[in-house]
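Undergrad: Chains A and B, in that order, give the protein sequences. For the first sequence, the tail end lands on 475 under our numbering, and the numbers increase by one without skipping. For the second sequence, the tail end lands on 475 under our numbering, and the numbers increase by one without skipping.
Calculated directly from the structure, the hints in this document are not laboratory data. Just so you know, not all the hints are guaranteed correct.
A pair holds if it fits inside one copy or across any two, identical chains being indistinguishable in the list.
As the list claims (entries may be wrong) - DMTMM-like mimics (lysine to aspartate or glutamate), calculated; alpha carbons at most 25 Å apart, straight line: (1) Lys115 <-> Glu44; (2) Lys290 <-> Asp392; (3) Lys375 <-> Asp242; (4) Lys290 <-> Asp54; (5) Lys374 <-> Glu248; (6) Lys19 <-> Asp399; (7) Lys444 <-> Glu248; (8) Lys357 <-> Glu327; (9) Lys290 <-> Asp153.
Protein chains: 2
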Amino acid sequence: METSDMNITSVTISNLKEKIKEGEISLTELVQAFLNRSERLNKEINAFITILRDEALESAHRAEEELRAGQYRGPLHGIPFALKDLFFTRGVRTTCGSKILADFIPDKNAAVAQKLLEAGAINLGKLNMHEFAFGPTSLNPHYGDVRNPWNQDHMSGGSSGGSAASVAASMALFTLGTDTGGSVRIPAACCGVVGLKPTYGRISVYGVYPLCWSMDHVGIFAKRVRDAAYVLKAIAGNDPCDITSASEEVPDYATSLTGEIRGVRIGLLLNYYFEILDREVRAKVDEAVKTLVELGAQVEEISIPHLEEGAAAALITLSAESASSLEEFYHTRPELGADIRGRLDLGVLFPATAYIKAQRVRRYLQESFRETFKKVDVLVTPTLPITAPRRDATSVSIDGVSMPVVPALTRLTRLYNLIGLPVITLPCGFSQEGLPIGLQIAGKPFAEATILQVAHAYEANTDWHEKEPPLPRVE
Amino acid sequence: METSDMNITSVTISNLKEKIKEGEISLTELVQAFLNRSERLNKEINAFITILRDEALESAHRAEEELRAGQYRGPLHGIPFALKDLFFTRGVRTTCGSKILADFIPDKNAAVAQKLLEAGAINLGKLNMHEFAFGPTSLNPHYGDVRNPWNQDHMSGGSSGGSAASVAASMALFTLGTDTGGSVRIPAACCGVVGLKPTYGRISVYGVYPLCWSMDHVGIFAKRVRDAAYVLKAIAGNDPCDITSASEEVPDYATSLTGEIRGVRIGLLLNYYFEILDREVRAKVDEAVKTLVELGAQVEEISIPHLEEGAAAALITLSAESASSLEEFYHTRPELGADIRGRLDLGVLFPATAYIKAQRVRRYLQESFRETFKKVDVLVTPTLPITAPRRDATSVSIDGVSMPVVPALTRLTRLYNLIGLPVITLPCGFSQEGLPIGLQIAGKPFAEATILQVAHAYEANTDWHEKEPPLPRVE
């Protein structure tokens with residue numbers, strides 16, 4: 001097959017990898033096509049801060065030579081990807097979306113960046129984000145807003161806005177982001193792609209610019225659940241350089257995706273998660289649950305007490321830990337964005353006693369969720385109570401309840417960071433305005449295979465993932 | 001054997017248990033003898049806040065009847081013990097050494113109290129302590145100071161002062177205390193008895209009045225290492241009511257005490273621990289290390305960086321968590337002791353960012369100690385840099401360095417609470433003044449058997465434990 005015959009918007013890791021292995025595709029042409037598309041569409045979407053054209057083409061050339069020499073590195077060989085601009089990349093500036101680090105060039109790769117390069121994947125560049133990953137909108141005063149591929153007047157969501165928008169716009173086949181309060185799942189839901197935040201400790205955070213040490217997670221964006229599974233397998237696992245890293249074995253996630261979910265016990269987390277919801281979101285999630293039941297899953301309604309206190313504990317933990325990480329910039333660098341500064345104004349003021357109470361709530365809820373997962377295999381909720389807000393919005397109305405944009409975006413994602421559970425979001429429909437709606441599926445610690453299985457079964461029996469955002473055609 | 005023939009100051013669990021099992025001792029007479037001694041000596045020592053004469057005699061009677069009926073519950077059957085007055089005891093007031101809780105009568109037993117009763121041990125009463133366990137002196141403005149059995153002008157150490165002094169004065173065969181910054185090891189060293197603080201999570205803290213959730217440990221006082229091993233076996237293990245409780249199996253600690261330590265690798269933690277030391281303490285610890293070498297142990301000098309920062313992290317964690325626990329009393333109860341109030345003045349002021357940095361230091365040091373324990377089996381240091389200070393002292397001079405009493409007492413114990421390692425202290429000599437000196441032996445997580453083995457080997461080859469404090473004879 002000629003790469004020029006290929007519709008770049010419809011390729012996935014799954015449908016490319018055999019062709020790459022068999023040498024049926026020119027990796028140089030593939031990467032060239034993605035670079036052309038990224039450069040052209042970046043004018044609309046502003047997903048990339050840095051595009052690494054020369055480096056990517058050189059890597060594609062090397063990857064091709066390896067194939068010719070009979071060396072196939074696996075399913076990510078030759079696959080174009082990109083990284084949120086807080087993953088350290090050796091010799092390539094890593095801005096964290098901040099003017100403060102505009103000239104910061106790391107001398108090492110993040111552990112995950114290194115693993116991806118060793119798996120043969122091709123780094124196209126570094127992605128725009130909310131400054132220091134400390135906000136859910138990706139409205140960035142230094143590098144410009146990331147715009148939603150489905151409607152550029154709307155937010156991409158954040159903090160990994162560029163990571164989600166670039167996948168949605170077919171500018172990369174997969175990307176990495178980080179998720180501290182929903183920063184993978186929020187933009188994935190806003191942009192209509194798969195977003196996976198694994199268990200705390202599952203993926204090394206070595207070489208990832210820290211925001212909030214007890215809630216930071218590396219996460220994955222892809223167009224398909226199976227693609228996310230390939231990437232997870234490549235980057236998960238113990239890392240002696242990261243003391244929070246877990247030593248649990250890494251299963252072969254993609255192989256176990258059979259689409260079979262008969263008898264899987266699904267809990268609908270009714271309290272808190274379903275209380276304040278946009279009507280269109282509620283309707284689509286209800287439909288999705290029906291689909292899962294048709295596929296043979298058992299659905300049970302679940303209620304876990306004190307989730308409101310958990311939301312408060314998550315806010316305190318996130319605010320105080322982030323203040324601890326960014327305290328020096330807060331005190332010494334006036335160029336820090338105003339919204340970050342506002343959040344730090346709050347974070348530095350919390351007394352230790354409040355933080356400690358938050359950790360007690362956290363332990364209590366970890367135990368509650370542990371008990372819940374004796375009764376169900378996964379918990380299903382909406383990812384967001386809304387669709388992507390307009391970029392000029394400061395508040396949203398959710399079925400009659402008015403709420404500022406930031407808490408509206410993070411309301412249903414942040415608790416899972418406090419508890420550290422694995423969670424995936426995938427598209428389950430669109431609003432009448434044409435904006436994507438996300439379904440959130442959470443599992444018990446290290447049960448990534450289970451949530452991938454449920455998500456894959458849903459995806460395989462629906463076609464939301466086939467819809468493409470209305471973007472200019474790139475030749 | 002008639003109990004009246006027995007020298008009450010020389011009995012131990014180890015040398016009583018067979019006689020009890022065989023019915024050779026009247027448990028009623030045994031308990032009566034301990035009650036008489038406790039009531040008489042409490043005038044000097046002030047170790048008990050509450051003596052449970054009637055209840056203890058009734059329990060002794062029942063324990064005796066059980067034996068007659070052929071029911072032997074194990075090595076603690078009929079053994080008189082006592083509890084620091086912060087362990088919940090059903091129907092018996094539990095003051096925490098504070099006027100605020102002078103009338104608090106719990107409706108349940110602490111998990112460990114329940115386990116001891118089920119093991120057949122006889123509770124003689126509740127022991128005096130530092131108010132709310134928040135200080136190392138056991139100078140108590142509400143219930144009077146606990147006095148050191150070796151010299152009543154001197155402190156017993158704290159916070160479990162009554163627990164240590166009562167064992168030293170042969171008022172109970174074993175006692176329980178708690179250790180948050182050294183509160184078992186400090187009074188054990190001051191009073192010349194064995195003090196054991198196991199690994200964080202090894203013993204349930206359910207029903208123990210909380211001070212500092214991430215550093216609180218239940219600990220054991222006894223006259224002999226083997227006695228402590230019997231008690232540990234009886235009270236260790238998982239407790240579903242305590243979410244910090246560990247599920248590691250509980251070995252038969254006493255059975256494995258062979259006294260054999262040939263080839264055991266001992267690390268001398270030279271930096272920090274040996275830097276500021278009273279000369280007599282240093283000399284005795286040096287002698288103890290020589291003894292261990294003569295017994296076949298290998299000694300290596302060890303240095304672990306950033307222990308000073310660890311001491312600061314321990315102070316911040318202890319202060320802030322304690323402030324979180326006691327905040328309500330701090331704001332509403334003027335009868336709180338002045339020294340506690342002073343400590344809380346500090347604790348409530350720490351910002352969350354300082355606490356979070358302390359937790360980072362803690363993780364770093366946990367990792368450093370983990371690495372160290374690849375090279376050595378135990379770490380040996382002094383327990384205190386000094387002997388028990390006079391009760392009227394506010395500062396002490398340590399080989400020319402002047403230091404306030406509180407940091408001098410806690411200096412060498414508190415780090416092990418931050419890291420959560422198992423530690424034991426046992427007597428390794430006396431000062432010229434006649435005050436005991438303690439040897440501190442720490443192990444890796446859940447290696448209680450190892451530290452008990454080393455301590456037992458030392459004890460079996462020395463005779464410090466045979467010396468008795470100069471107290472009035474009780475008929």
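Undergrad: Each hint should be assessed against the structure and marked as holding or not.
TA: Verification of the supplied hints:
no.	hint	result
1	Lys115 <-> Glu44	neither (31 Å within a copy, 69 Å between copies)
2	Lys290 <-> Asp392	neither (35 Å within a copy, 75 Å between copies)
3	Lys375 <-> Asp242	between (33 Å within a copy, 21 Å between copies)
4	Lys290 <-> Asp54	neither (48 Å within a copy, 67 Å between copies)
5	Lys374 <-> Glu248	both (20 Å within a copy, 21 Å between copies)
6	Lys19 <-> Asp399	neither (48 Å within a copy, 77 Å between copies)
7	Lys444 <-> Glu248	both (14 Å within a copy, 22 Å between copies)
8	Lys357 <-> Glu327	both (22 Å within a copy, 11 Å between copies)
9	Lys290 <-> Asp153	neither (32 Å within a copy, 78 Å between copies)
Violated hints, listed in ascending order, are 1, 2, 4, 6 and 9; each of the other numbered hints is respected by the structure.
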